[in-house]
Amino acid sequence: MANAITLSRFPLLFIYIALLYTRNATIIFWCVPFVIFIALMDTFDGIIARRYGEVSLLGSALDIAVDRAFEIILWVVYTDLHLISVIIPIIVITRGSLTDTIRAVGMSHGKAAFDQVKHP
72 MANAITLSRF
82 PLLFIYIALL
92 YTRNATIIFW
102 CVPFVIFIAL
112 MDTFDGIIAR
122 RYGEVSLLGS
132 ALDIAVDRAF
142 EIILWVVYTD
152 LHLISVIIPI
162 IVITRGSLTD
172 TIRAVGMSHG
182 KAAFDQVKHP
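Residue numbers for the sequence shown follow this note's numbering, beginning at 72 and rising by one.
Source of the hints: derived by calculation from the structure; they are not laboratory data.
Source: prediction; values computed, not measured.
You can take every hint at face value.
Derived DEER-like restraints, expressed as beta-carbon distance ranges:
#1 L128 - V157: 29 to 39 Å
#2 G124 - I162: 31 to 41 Å
#3 G124 - T170: 22 to 32 Å
#4 L169 - A110: 15 to 25 Å
Ideal placement from N, C-alpha and C gives every residue a C-beta, glycine not left out.
Using the sequences and the hints given, assemble the complete structure.
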C-alpha cells in the first residue's frame with residue numbers, strides 16, 4: 072500500500088501542473104493546499120510502510136525516485152512560469168544528484184536509503 076501511495080503522487084502532480092498553467096488566480100490559490108497535500112503524501116507513505124511492515128529496498132528506492140522527480144519537475148515548472156530564478160534549480164538539482172549518488176552506494180550494499188542515517 073505504501074508504494075501505491077508513493078506512485079499516486081505522479082498523477083496528482085501532473086494535475087497540479089496543469090492547474091498552474093491555467094493562470095487563473097482562484098485556481099492557483101487552491102493549488103497551494105493541493106501541492107502541500109501531495110508533498111505530505113511522502114510522509115504518509117513512510118508511516119504506512121513502517122506501521123504495516125512494508126519497508127523494503129524497492130520502497131526506499133521508489134520513495135527517493137518519486138521525491139526527486141517531484142522536486143525536479145516543480146523546479147522546472149516554477150522556472151518556466153518565471154516564479155524563480157534558474158540558478159535555484161541548478162543548485163538544488165545538483166545537490167540532489169550528489170546525495171542520490173551517495174545513497175546508491177549504500178543501497179548497493181543492501182542498506183535502505185533511510186537506514187544509512189545514523190541517529191544518536
